[in-house]
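> Combine the two chains into a complex, taking the hints into account.
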Amino acid sequence: MTSTPTRWQYFADGIIKENPVLILMIGLCPTLATSVSARDALGMAAATSFVLIGSNVVVSLIRKVVPGSVRIPIFIIVISTFVTIIDYVLQAYQPALYRVLGVFVPLIVVNCIILGRAEAFAYRHGVFDSLLDALGKSAGYGLVMLVMGSVREILAAGTWFGYAVTPAWFRTAPVLFMIFPPGAFLLIGILKGIVNRLTASKV
Amino acid sequence: MVNSKAWMVVSLVLTCTIAAVALSQVFSITKPIIDGQSADALKASLSEVLPGAAEFNELEPGTAWSGKDAAGNRIGIVFKTSPRGYGGPITVVVGLDTTGRITGLGIGADMKETPGLGLKAREAWFRDQFRGKSESEVALKRDNGTLDAISAATITSRAVTNGVRKGFAQYSHHLKP
Numbered sequence: 001m002t003s004t005p006t007r008w009q010y011f012a013d014g015i016i017k018e019n020p021v022l023i024l025m026i027g028l029c030p031t032l033a034t035s036v037s038a039r040d041a042l043g044m045a046a047a048t049s050f051v052l053i054g055s056n057v058v059v060s061l062i063r064k065v066v067p068g069s070v071r072i073p074i075f076i077i078v079i080s081t082f083v084t085i086i087d088y089v090l091q092a093y094q095p096a097l098y099r100v101l102g103v104f105v106p107l108i109v110v111n112c113i114i115l116g117r118a119e120a121f122a123y124r125h126g127v128f129d130s131l132l133d134a135l136g137k138s139a140g141y142g143l144v145m146l147v148m149g150s151v152r153e154i155l156a157a158g159t160w161f162g163y164a165v166t167p168a169w170f171r172t173a174p175v176l177f178m179i180f181p182p183g184a185f186l187l188i189g190i191l192k193g194i195v196n197r198l199t200a201s202k203v
Numbered sequence: 001m002v003n004s005k006a007w008m009v010v011s012l013v014l015t016c017t018i019a020a021v022a023l024s025q026v027f028s029i030t031k032p033i034i035d036g037q038s039a040d041a042l043k044a045s046l047s048e049v050l051p052g053a054a055e056f057n058e059l060e061p062g063t064a065w066s067g068k069d070a071a072g073n074r075i076g077i078v079f080k081t082s083p084r085g086y087g088g089p090i091t092v093v094v095g096l097d098t099t100g101r102i103t104g105l106g107i108g109a110d111m112k113e114t115p116g117l118g119l120k121a122r123e124a125w126f127r128d129q130f131r132g133k134s135e136s137e138v139a140l141k142r143d144n145g146t147l148d149a150i151s152a153a154t155i156t157s158r159a160v161t162n163g164v165r166k167g168f169a170q171y172s173h174h175l176k177p
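One line per chain: the protein sequences are A and B, in this order. In terms of my numbering, the first sequence is numbered consecutively and its last residue is 203. In terms of my numbering, the second sequence is numbered consecutively and its last residue is 177.
Next up, chain B with everything else stripped away, as it sits in the complex (with noise of 0.2 Å):
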């Protein structure tokens, strides 16, 4: 009975049934928890580089929102940008106050760059010297601008300053009232 063609059939779909219920069971489980974290982590990413927003709204699809404070006044924007690094693309995320100065930035975790070298992108001091900087400070001193590169990462510094740039380029716009 085990090797007749008729059970080889009914127990793959057996099988495939069983599984396909207990896969639903524990979907249905995780799915509100996990888009919970995926909403709580952008929030949290956000909020890191727009301090003192309290809210945001999207103004452009998974790349801009706009922040309000706790009493509903605009503060500024946040937008995102992925220029391409040394390893694949970087994530970057950069909070605007209402006069167009940095009030933050954020390297996503996810990037590639080698470690030691340009993962050091991610370390406080590389993203604190662009807090207050305006569109026109955002280059390496090499370039003629006022931010130090991470040493022997020059594509690294270059592709974050790079991607600033060229976010505000593309979103500025959204800060005038």
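Isolated chain A (complex conformation) (with noise of 0.2 Å):
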């Protein structure tokens, strides 16, 4: 990894090492709350990466020009721009979709993904920097939330991405408990707990 510039790290530290939601535990509650199916979860990523990236790029673009006191308030525009923008866009275009998101698309806005990106990264750094880290935080966080959603649709369902993928006997007894708050908690735990053993390995 020494001999890859540092740019390719920007990116690629978001997919593990930086992961948003397993090493830097943050933006849990929207993770645990839609990801109950292989769509809604990978629904709610996509809106989530929406606005990482408009509010990293407009951010590092503006970054030269905001008064130090009044960042906070000037980012909490910007990202809360991005967001009603994509919770119209939903509405409009992905109407299934918006009703099963609900409120957790406004509250995209206090996502500390975000804000923290934001803060720590963009307003230090280029543009092309900070689209390049949106983009790697945006694809962990669309990692983590492609498998919690496919692992808890599948087992509290019995479907993929809404096809019948296990035999008619499980569909009909499915573990309806991951559907649950308490299957999300064990589930993350349990991912938790593969990347500390990975990430562990390596040192």
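No lab work stands behind these hints, which were simulated from the structure alone. Be a bit skeptical, because a hint or two may be false.
As the list claims (entries may be wrong) - Computed list of lysine to any residue pairs in SDA-like fashion (alpha-carbon distance at most 25 Å, straight line):
#, chain 1, residue 1, chain 2, residue 2
1, B, K31, A, W169
2, B, K43, B, A109
3, A, K17, A, L115
4, B, K120, A, K17
5, B, K133, B, H173
6, B, K112, A, W160
7, B, K5, A, I72
8, B, K112, A, A164
9, B, K120, A, L115
Written out as structure tokens, the structure reads:
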């Protein structure tokens, strides 16, 4: 990894090494709440990625003219503008997904991943690097959401992206428990354990 | 210059202005689509429970509609009621023909019943058993009626039947010519 340029790491670190959910442990609430099925989880990941990429790019563009003392309010305005845009767009073009995600779309405003990256990265780096950072963190978030949504949907409903992937006997009595919050906590604990094991062995 | 007090104010005002302009643009593009969609969704949910209706007229805002077929004859009414279920209100949409029998029953997707139990109220076997029933027949078997309850979800099942009966009481006067 030492021979690869650091720019690549801005992107790649977001996937495992600095995974927003499993390593930085931020943005857990929407992760637990909206990962009930693979499709909903990916929808939420896509909406969050749009806001994260948009806010990282804009914050990085304006970072030199933003007064330090009011930077947080300005970041919040930028973020909430992108959130409102995705809120309208989902409502207009993906009404079914919008109904499922419900209150968690407006709540992207307070998702720590986004404000965290704006303050910790985009405010201190150039546009291209901030874009790479946002793409990497989005990929890491999307990966976690995909895994959680898939596992929960397969265990709780016996389907994956709405298609039946388990035998009929399983689908008549699936592990319903996984669709409830305790199932989400259990799963994220297991994922965290796996990631801890993987990252620990590298040291 | 970047940290002067004046620029602090100006930068905030500027950010808000740009954000407001951008949002009003997006809003003006998506508003007609969003409105069209909720109108379409309402029409679809009404025609699902009153098959054959081509046109709906609102009788009471958001709760009762009369349905006409393509020839303009009144074929029945649709009413909407929101009884309290196990996890919150359940939106129940019921179609009645002119003789006061149920032509169809729809359950809103927004209900918060328990997945695997109360959520089964949306399944066709439960909703279909209401079809053809008159007011006095709408009750669970354990309440001396004719309908099967969802197993382990009596509260939800009873909420739906009570909601339908309450709707009958409230809206069936619209059926009179």
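> Next, verify each hint and record whether it holds.
Structure-based check of all given hints:
no. : hint              : result
1   : K31(B) / W169(A)  : violated (46 Å)
2   : K43(B) / A109(B)  : holds (15 Å)
3   : K17(A) / L115(A)  : holds (19 Å)
4   : K120(B) / K17(A)  : violated (42 Å)
5   : K133(B) / H173(B) : holds (17 Å)
6   : K112(B) / W160(A) : holds (22 Å)
7   : K5(B) / I72(A)    : holds (16 Å)
8   : K112(B) / A164(A) : holds (24 Å)
9   : K120(B) / L115(A) : violated (40 Å)
Comparing the model with each numbered hint stated earlier shows that hints 1, 4, 9 do not hold.
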